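Student: Using the sequences and the accompanying hints, generate a full structural model.
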Amino acid sequence: MKKIDLIQTTILIIAIMLGYQAINMLINWLPTLFFSLSEGNYNFIFTLLLVIVLGICCMLLIKKSRAIAITILKNEPESSQDDFAQLQLDRDHLIFALLIGMGLYYLIWSIPNVALDLFKLYRYKVAPGSFRSALPDSDRIIVELLRITLGAFLVYAAPILTKIISKRAPLIKRENK
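Using my numbering, read the sequence shown as starting at 1 and increasing by one per residue.
Source of the hints: derived by calculation from the structure; they are not laboratory data.
This structure is a prediction, so every number in the text was calculated from the model and none was measured.
Treat the hints with caution; some may be incorrect.
To be verified - Okay, derived cross-link-like pairs now, BS3-like style, lysine-lysine, Cα gap no bigger than 27 Å in a straight line:
#1 K74 / K3
#2 K64 / K3
#3 K3 / K63
Tutor: This is the structure:
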């Protein structure tokens, strides 16, 4: 397995997780749809938009996984396609893939939530008194912005963090008996 294949597989796993989240949100949302419509609560639109955004992200990650993996590994020397050299799945490669996966998951999960909260905040500030929605939780917006920052940091600092982790936690060599 080449390093680019490992990163592409990680991206596909993240896409599957996002697709699962979207389906799970949709299933949980359907029973509340009828109660929301009868009460005049229009938060179901935001949930539907979030499900749609997660679904689109899932499809885009699946379709563009190879291009994203190439972009992430742009500074890595890529062996030729005819070379069938196998990548030894050592600890460094797995840590690298884990950091990339966690960063992408944080980014893709938090960006729609921040957009939704910012829209709710905008609607609260602009809408007239009787149509004004409840003030969104500002702590949640801050947490989601921190998750976006953490996700971007994990994606871009994954090579450096992998080297630091490898130096700080060396493997204990066992003798074969």
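Student: Given the hinted pair K64 and K3, is their alpha-carbon gap at most 27 Å?
Tutor: 17 Å, holds
Student: Do the alpha carbons of K74 and K3 lie within 27 Å of each other, as the hint requires?
Tutor: 12 Å, holds
Student: Is the hinted pair K3 and K63 satisfied, with a Cα-Cα distance of at most 27 Å?
Tutor: Distance of about 19 Å is within 27 Å: holds.
Violated hints: none; the structure is consistent with every hint.
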